[in-house]
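Using this note's numbering, read the sequence shown as starting at 1 and increasing by one per residue.
Quick caveat, the hints were computed from the structure, so don't treat them as lab data.
Careful: at least some of the hints might be erroneous.
As the list claims (entries may be wrong) - Here are the simulated PhoX-like cross-link-like pairs (lysine-lysine), alpha carbons at most 20 angstroms apart as the crow flies:
| hint | residue 1 | residue 2 |
| --- | --- | --- |
| 1 | Lys107 | Lys34 |
| 2 | Lys133 | Lys90 |
| 3 | Lys84 | Lys116 |
| 4 | Lys90 | Lys191 |
| 5 | Lys34 | Lys84 |
Claimed, not checked - Label-pair ranges, simulated between beta-carbon atoms:
| hint | residue 1 | residue 2 | range |
| --- | --- | --- | --- |
| 6 | His56 | Glu139 | 30 to 38 angstroms |
| 7 | Tyr80 | Glu204 | 22 to 30 angstroms |
| 8 | Tyr80 | Gly198 | 32 to 40 angstroms |
| 9 | Leu44 | Ser132 | 25 to 33 angstroms |
| 10 | Asn26 | Glu204 | 53 to 61 angstroms |
| 11 | Glu81 | Leu190 | 40 to 48 angstroms |
| 12 | Glu205 | Asp183 | 36 to 44 angstroms |
| 13 | Val20 | Leu44 | 30 to 38 angstroms |
| 14 | Lys77 | Glu204 | 17 to 25 angstroms |
| 15 | Met25 | Glu151 | 36 to 44 angstroms |
| 16 | Val201 | His58 | 39 to 47 angstroms |
The beta-carbon is built from N, C-alpha and C at its ideal position, and this holds for glycine as well.
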Amino acid sequence: MSNNFSNLDNLETTIRKSSVIQERMNLVSTHMYKQFLEYQNAVLNTNEMFLRMIEHVHLTVDYLKQSFSSRGIASQKIYYEIDKNKTTVKLNILWHSISFTLRSNDKPQALFREGKEPLFSGRIIAIKGNISKMRKNGEFEPDFQLILENEVASLFVPADKQEPAIIKIRHIGNREFPLNQTDAHREFLLKVIEIICGGGVYHEENFKRNIKL
1 MSNNFSNLDN LETTIRKSSV IQERMNLVST HMYKQFLEYQ NAVLNTNEMF LRMIEHVHLT
61 VDYLKQSFSS RGIASQKIYY EIDKNKTTVK LNILWHSISF TLRSNDKPQA LFREGKEPLF
121 SGRIIAIKGN ISKMRKNGEF EPDFQLILEN EVASLFVPAD KQEPAIIKIR HIGNREFPLN
181 QTDAHREFLL KVIEIICGGG VYHEENFKRN IKL
């Protein structure tokens with residue numbers, strides 16, 4: 001008889017433990033499901049915005065070619081390339097190379113905002129240089145750390161189309177530039193081109209110090 005009571009106690013303990021696990025895992029799955037829905041919508045919005053940006057890349061390159069040609073400068077080095085999956089655009093403007101990519105949108109991620117709620121969003125990253133060359137140890141895919149090191153700016157696109165997209169420019173720091181999602185793809189493209197092509201390139205120098213023995 002005592003063995004039967006012992007078995008009942010063990011059964012009740014098991015049921016209680018199972019109930020606690022179920023309750024807590026239900027909270028976890030509910031939380032993750034909410035994040036997943038936001039992630040899905042944000043990625044859809046981001047992909048749509050990237051495709052609209054590609055259309056403006058074509059127009060921008062045409063205008064640049066016309067502008068330089070009218071000044072007597074050959075336009076062969078003004079062109080763009082799109083990868084077959086339409087996740088990366090490489091833009092060449094004379095001696096400047098610029099890349100735009102959707103890489104990093106493989107999981108729900110939120111934009112940290114000082115004093116505000118984090119914003120779950122997709123991300124388009126603008127990079128100074130040719131992303132195809134940003135590889136380590138002969139790997140086929142570009143290294144994400146190298147991408148971040150060469151980042152110029154990022155466009156963060158939320159799940160809700162009514163919320164503004166946000167541009168963050170690396171050299172300005174934590175400042176946010178909110179934009180209506182209708183115009184964000186064009187403004188982001190133009191702003192990045194202005195930042196990179198509006199600057200210059202210094203000569204490389206190798207200084208040697210004279211050391212007296």
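Checking against the hints above, which ones are violated?
Structure breaks hints 3, 5, 8, 11 and 16.
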